[in-house]
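Colleague: Residue-level listing of the chains:
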Amino acid sequence: MSSDPKLRLEHVTKRFPVRGSDDTFTALDDVSFDLAEGELLVLVGPSGCGKSTLLDLLGGLTAPTSGRILLDGRPVTGPGLDRGIVFQQYALLPWRTARANIEFGLEAEGLPARTRREVADHHLELVGLAGFGDRYPHELSGGMKQRVAIARSLAFDPEVLLMDEPFAALDAQTRESLQDELLRIRLETGKTILFITHGIDEAVYLGQRVAVLTPRPGRVKTIVDVDIDRTVDDVRSTEEFRHHRHIVWTELHSETDPAAGSSHASAPLTKVVDHVRN
Amino acid sequence: MSGTSATLVRGTADAVAAGPGVGSAGPADAGATDSVTSARAGLARRFGSFVWGLIEPAVAIVVFLALWEIAPRVGLVDAVFLPPFSTVVDALVDLVVSGRLADHLGASLSRAVTGFAVALLVAVPLGVVIGWYRSVSVLLNPILEMFRNTAVLALLPVFVLVLGIGETSKVALVIYASVFPILLNTISGVRTVDPLLVKSARSLGLPTYRLFQKVILPAAVPTIFTGIRMAAASSVLVLIAAEMVGAKAGLGYLITASQLNFQIPNMYAGIVAISVVGLVFNGVLVAVEHRLSRWRGAQQ
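So the protein sequences, as listed, match chains Y and R.
Numbering-wise, this note's numbering comes out as the position in the first sequence, counting from 1, plus 2.
Numbering-wise, this note's numbering comes out as the position in the second sequence, counting from 1, plus 688.
Fair warning: there could be bad hints in the mix.
The calculated EDC-like cross-link candidates involving lysine to aspartate or glutamate, where the alpha carbons are at most 20 angstroms apart (straight line), are [to be verified]: (1) Y:8 x Y:227; (2) R:887 x Y:58; (3) R:887 x Y:167; (4) R:902 x Y:111; (5) Y:8 x Y:161; (6) R:936 x R:855; (7) R:902 x Y:109; (8) Y:8 x Y:159; (9) R:902 x Y:136; (10) Y:8 x Y:58; (11) R:887 x Y:84; (12) R:887 x Y:109; (13) R:887 x Y:111.
Hints listed in this document are in silico derivations from the structure and should not be mistaken for laboratory results.
Assemble the whole structure, with the sequences as input and the hints as a guide.
Modeller: Structure representation (structure tokens):
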């Protein structure tokens with residue numbers, strides 16, 4: 003690991019009070035990992051592994067109960083434009099055109115109107131939507147909306163891009179093409195990306211490393227290095243892809259094996275298997 | 689209707705184009721002639737539906753006005769109490785020419801617009817605060833519910849007693865009547881803003897006032913507008929009632945004064961003027977609303 007990570011999570015724990023009792027619910031338990039500059043790390047885990055909680059923490063919307071999150075060595079204390087978040091449900095402002103949505107973050111930065119427009123148009127082009135700047139979100143397909151959302155998060159040039167199951171709501175073909183787009187955009191921009199998903203294929207296809215999370219409480223079980231050649235055609239059918247896919251699958255699956263967990267663990271089991279089949 | 693006839697025309701045009709290509713066989717020729725006639729019929733039908741499209745909305749109104757005109761003339765109703773529509777129009781023209789209508793209209797409109805503007809300036813910010821901050825809502829909700837459920841006209845004597853019979857009491861009454869629809873709709877508009885949009889804006893580090901300005905208010909605009917249109921209707925109602933009770937000018941005053949002086953055509957002229965004002969008011973609001981919610985597109 004690089005000695006100077008872009009993003010570092012140090013023993014991050016988050017507990018929530020349980021309503022009507024003195025107990026607390028542990029959403030994240032002692033989560034630690036590093037992201038090197040320009041790296042794409044994928045977090046994969048079943049429901050209940052604390053993905054949303056982790057994202058809120060990284061976004062600075064809530065603070066960890068204990069532990070620290072460091073961005074470029076400085077602790078994260080609140081929301082800011084050094085992190086860009088891409089949500090599953092796009093979160094585009096429906097009353098703004100695609101271009102005006104991309105300009106949204108730039109307005110928060112206080113850039114003059116002409117610069118905003120130039121930056122927005124550049125990013126529309128980057129995500130392959132040149133000429134669609136004047137469309138309203140309801141006039142765009144799901145895949146196009148997510149492209150706009152990605153462009154919006156890249157436009158204000160954040161240090162890290164946080165992506166919360168961004169392609170989960172898309173059909174399979176659109177998803178694959180956007181995965182390729184993301185890899186291309188990453189090469190073009192050199193962004194550090196933290197990508198959250200529950201799709202194993204997606205995780206192995208995108209991630210240089212895949213962190214497997216376990217549910218209740220959310221923990222990092224293991225981090226799998228995915229060292230595969232992505233320049234060949236149909237990467238997903240190669241032997242090494244299937245090999246890495248199987249490793250991640252086994253890590254996820256063993257966690258929810260009835261023999262490994264308590265009876266509570268059997269509920270998420272079926273869910274994980276479903277996701278795997280998807 | 690125009691849609692189906694358009695496809696019909698397009699269909700026959702295709703048939704005409706295909707006709708010669710099929711060859712010189714008898715049935716194909718016959719088919720081509722048929723389609724030419726039906727193309728003409730389609731054009732005629734399209735023209736017909738265009739004209740009907742212009743007439744259709746007016747039919748019910750024309751029938752109503754014709755009834756109004758005929759009923760007093762044939763003695764179905766007493767022409768003294770319900771003069772024929774043409775007599776009312778004559779009275780209306782006289783009122784317009786003499787400038788009296790403009791005076792009354794001006795008096796009513798200035799009260800309505802002033803009260804309405806004040807209500808808007810009060811209710812929207814208050815609604816945003818109540819909708820957003822739970823503690824404010826808990827604090828203010830009981831008293832708002834109490835006032836909201838007190839019929840405005842029941843308070844009319846109170847307003848007159850406290851604020852006199854001048855402009856203030858009438859404007860205050862319009863404010864009171866307009867505030868609640870706008871306030872309640874603003875509250876519900878703010879509460880139903882997509883939380884994801886708020887979260888997304890928050891994650892950009894937007895300060896709260898920017899959040900209101902750039903996310904919450906625009907998202908609530910369609911709901912607020914529903915309230916604004918309701919407020920417009922109820923403010924006209926209340927204003928006319930107030931002017932009937934005590935005023936020296938205004939459309940409500942025109943109506944009661946004409947009735948008391950037995951100038952029945954003038955009374956009806958005043959009523960017609962009010963209905964036109966209401967229509968125009970609503971039309972303007974619908975246009976503004978449409979302009980502000982273009983982004984909703986097909987959902988409307």
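Colleague: Against each hint, give a clear statement of whether it holds in the structure.
Modeller: Hints, one by one, checked against the model:
1. Y:8 x Y:227: OK: residue 8 of chain Y and residue 227 of chain Y at ~18 angstroms, within 20 angstroms.
2. R:887 x Y:58: 9 angstroms, holds
3. R:887 x Y:167: 16 angstroms, holds
4. R:902 x Y:111: OK: residue 902 of chain R and residue 111 of chain Y at ~14 angstroms, within 20 angstroms.
5. Y:8 x Y:161: Cα-Cα ~8 angstroms, so holds.
6. R:936 x R:855: 10 angstroms, holds
7. R:902 x Y:109: 10 angstroms, holds
8. Y:8 x Y:159: Holds: residue 8 of chain Y and residue 159 of chain Y sit about 15 angstroms apart, inside 20 angstroms.
9. R:902 x Y:136: 19 angstroms, holds
10. Y:8 x Y:58: 18 angstroms, holds
11. R:887 x Y:84: This hinted pair holds, its Cα atoms lying about 16 angstroms apart.
12. R:887 x Y:109: 17 angstroms, holds
13. R:887 x Y:111: 17 angstroms, holds
Hint check: no violations occur; every hint is consistent with the structure.
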